[in-house]
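Given the coordinates of chain A, work out where chain B should sit on it, guided by the hints.
Protein sequences, first through last, are from chains A and B.
Read in order, the letters of the first sequence correspond to residues 6 to 772 in our numbering.
Read in order, the letters of the second sequence correspond to residues 87 to 402 in our numbering.
Derived by calculation from the structure, the hints in this document are not laboratory data.
Mixed in with the good hints, there may be bad ones.
Unchecked claim - To give a feel for the contact side, a few chain B residues facing chain A, derived at Cβ under 10 Å: (1) R147; (2) N150; (3) A178; (4) L221; (5) S268; (6) G275; (7) E280.
Because the structure is a prediction, the values reported are computed rather than measured.
No residue lacks a Cβ here, since even glycine has one placed at the ideal position from N, Cα and C.
Okay, here's what each chain looks like letter by letter:
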Amino acid sequence: MKAVVYAVRQGNAWKAEAAIDMGVAASFWTDALFREQVVRAAQGRDEEGSLCPFPAEELIFWDEPLPLGDALAAAERYDRLMGRIGTGGARQQLRIGGRYWRQFVRGRVPPWKKPFSGAELTAEQALERSVREAGLTALRTREGEPLRKAGGLGLRPPGSSGGRVCRVRPGSAGGPGGAHRASAMAEEARALAAAAQTAAAALQGRALLGSEAHALLGAAGAECPAAAGWSGVLQLAALLGRLRLCSAIAGDEVRRWPGARPRRRLRCLRCGSGDAQMRSTPCASCGRVCACCEACILLGRSRECELLVIGSGQRAFGAQHPIFWHSLAPNRRNHRPNDSTPAQQLSASEPPEAQEAQDRLSRWKLSPAQAEAAGAALAFIEQPVTKVRIDLSAEPTHRRRADLAAPGSSAHAYFSSLRRLLQWRKQTDAFQHQFLLWAVTGAGKTEMIFPLVESAAARGGQVLIATPRRDVVLELDPRIRKAFPHLSVVTLYGGSPQRWERGTVTLATTHQLMRFRRAFDLVIIDELDAYPYHGDPMLHYAAEQAAAADGRCILLSATPPAPLQRAAASGRLCHARVPVRFHRHPLPVPVQLRVPPAAELLRQQQLPASLRKALLASVARGAQVFVFVQRIKLCEPIAAMLGAVCPPETAVGFTSSKDEERADKVNRFRSGELRVLVTTTILERGITIPRSDVFILDADSRLFDEAALVQMAGRAGRSADDPAGRVYFCSSIPSRAQRQAVRHIRIMNRMAAAKGYIINLDAAIHK
Amino acid sequence: MLLLDRIMSWAAQGLQAGVGFLQEQNCSCLVCGRNTGGRLGMEAGHSFNGWYRDLLPVQRRSVNHIRQSISNKLCAGCLALIPWLTEIKCRACGRGIACPDCERRSRPAFRYNRSAVQYDSAMRDWLALYKYRGLEKLEPLLAEMLYLPYYGLSRLAAEAGSNLVSCGSEPWDMVTYVPVSSERAQERGFNQAERLAAALGSQFHLPVLPLLIRTRHSGKQSLKSRRERVTDMRSLFAPDEAGWTAWEYQYQQRWNPSGKQRKDKRSNNRPLNSPIRILLIDDIYTTGSTIEACSEVLKYRSKVTCEVYSLTWSRS
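Next comes chain A alone, as it looks inside the complex (with noise of 0.2 Å):
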């Protein structure tokens, strides 16, 4: 895609902007019928009135379009330009001994050349200038690739192609053509201001590439005006200052040190990856090289070229006249917000509705430890926003070390302490909008969430729940439909119907989060450390960017990573614990066997007396068995000697994500036809199994870590009928996740027993 540059002068400043349709851009500053008309439009929908109502007094514009990343970066740069001469900043940079000078004196800058100030450009050479170097630099940073390989296609800096600087006289199109043109141009004036009002509409909290922009506003309902297209709409509705156009690729330049030579970094604005996850190719659609995002690819091509657009966000209006998120809540409006509480003495300090929120969350038939739990993530997300103020004395380790280096030890290890601290003070701010729910596998923690999602539903709020996967999502569907029968409720995932709807309640994948911005004022987040939103930058950005601006993010886990656990210990991130099962009898502690390897296993063809007597023994018992294997290609062999072993009738089965059977060989061992099934970790979680048992052969492999091990004995003793499954880790010497992980349980399980939750305690106190 390529736009225009263009300068509007509004008294005694210049600004410039990139168009994608210089009709609408042009029109719109300098004929005033349209621009009253519009304006007129506008201000009948939206009382903020923010638009300035004169028209330009100049325009000028680079009559080449240019591709769409470095138009953008033309106007930054002519901005930066005359910025310089309003503020009188070149001059005084020189007066003062600026970079100038410096340079000077090191020789980089060659004496005849002309030191730079804008003071003496006029607007239309500082377009023409900026225009030129933001080509030059996009050539340079382009200058590693592989050029060869772009053939004819143009790679000459815009301008060298015969582009020049234009003029518009304002004025209006429709004054001496007679009154008759005049309504005509009034009535589609209005007409487009109109759709542009619908487009903002249906495109709050979105960001989205153009076509899938135009997809959206196809699917919403919004007619395309014949004359100006939907790319004149969009650009009206940026005018208006109710989108933003951006390239979806943005380029900012960052210099190593002072007086270096600047880079140009390269960033995505969809999924937020940087220069490592960047393809320069040649591309047609500008014609010159530019990059593409590789990351966020399966979700359309991000270029640096091509649009996205950017809605304004959930609460963007409201700044105006500031309605706090309480007075908001039908049944809390006598509430005051009491400034000065900070998150960390919400668990502590009753909150005066305490009787009102246990009779809210009464109605989900909650057991006593999710309703705890519950209580305390309501009271969270129904608090006012406040700045909660960063309590010091919980910061001792890095700033004790930036105070110890400071004085007498080198640079560099004061440096890296201050950067640790930064990163960690950062790391706090996400924190105070965080909330962590770490709840033991099988807690139920989708009924903990219907009292968040009413809450925040009640008071008009968007509630977002994501999950890494889509056939968590597929289940989850049906529950939260059921739940809350009244609400309009979207899914989202590859290929879903529902693509380009809005609803109060939207459940999505991680991946589908990239086509939100400030959206919700309640992201939940399921499974957060599952693959592959663990360990994934990218979707932690879009999970980032999805929240409104004063919107609150509920995590849930029953293994959070180790950062978050370390932070919700310190007390940085507010988090309420579920310790017990929804049926209130304590967690199965997995039972270490001594088995040699699953290979050698295999190579001796016979399980050693231990393992195959538990193995009968649950079998006997009636129990379904979970043997999970540390490799695929052992899934089968197993499962041959496993059948090998078991009495005649016990069907033995095996899955893998290679397996194209999967989800049929899943039915069958949930509806209890297969009696075995060996697997990998991919079963580790998101099925339930009414009376299983699990075994885990290698148990001491470097795949299985602490979390893996708990998620897979999480698969044991998950309904009210069997909730002593039996777990067995099998393997030569337990490894240290092996003991963390079983420490893991113990801790939860006296947890519980501690606070009362359980309802059989003798069999705690013996376990």
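Below, chain B alone, put in the same frame as chain A:
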């Protein structure tokens, strides 16, 4: 200053290429992203793509070298998915089974077609990843897959006769490709056939010229029936005069650089009478109607006799 910069960056690149042989590269499969097993990375052709390549004598890469480089790019599972077209039953279109289309076609405009792979569901996914999703990192892989049938096709062409205009070691005068409409190029950002042709051209030192344009924007071929495709193809392609002018200029430069009119008409025209041989590249050969239509236009436009051979990535 600029020159020094260039030299430094070349040196750095050379150093990287040299060290690359020693390091264990991060070998992940281009298609599925799985680890290919961390073999010692022989990124074939990598070190020969530098600026100094032009100074080296032209050397063809061996078939084994290309095979090795393909298998380095893929994991064992994906490599096993490729249905190579090694046994050819139809001599004309390079199909793996006997082919009624070619029997029906009495005088095809093109001579032979050769394809790298049979178009099946896996290959359809790969091509869709590249063409529609725009996963351009697959491009070197697809291009290398195309090199393999190129050897066979070159042999066929060399057997057919060598009284050619071209003076290189390859039996082709030029390479061209099936064009896409400007709307499609705008939307997709690239023409897959052009990219494959460019890769082939740079690998085997052949001139790649745009000799065709698409006159109108027709819908996707993959959504049409057989009859529709055949009728739709009429007058869909036209010669690209810019490309032909470039070719004629090159041709004249080679055969009559002084531009003098000689007295002996025959000797002046002599090279013009010898046939030119064009290699036409496309990503997929389904019914052959696209290739047929393009070949007709090429034959019609070239002022001398012209043999068109077609090289496609897949054959359905």
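**Report entry** Hint check, B:A178 versus chain A [nearest Cβ-Cβ separation less than 10 Å]
**Finding:** Status violated, d = 31 Å.
Query - Cut-off 10 Å, beta-carbon criterion: hint that B:L221 touches chain A - result: holds, 6 Å
Report task. Closer than 10 Å between Cβ atoms is the bar; does B:S268 clear it against chain A? Give me holds or violated. Result -> Status holds, d = 8 Å.
**Report entry** B:E280 as chain A interface residue, shortest Cβ-Cβ below 10 Å
**Finding:** holds, 8 Å
Query raised in the report: Does B:R147 pass the interface hint, meaning its C-beta sits closer than 10 Å to a C-beta of chain A?
Result: violated, 17 Å
Query - Interface hint status, B:G275 versus chain A (Cβ within 10 Å) - result: holds, 5 Å
Report task. Classify the hint on B:N150 as holds or violated, based on whether any CB of chain A lies nearer than 10 Å to its CB. Result -> B:N150 check fails; min Cβ-Cβ to chain A is 25 Å, beyond 10 Å.
Of the numbered hints given earlier, the model fails hints 1, 2, 3; all others are met.
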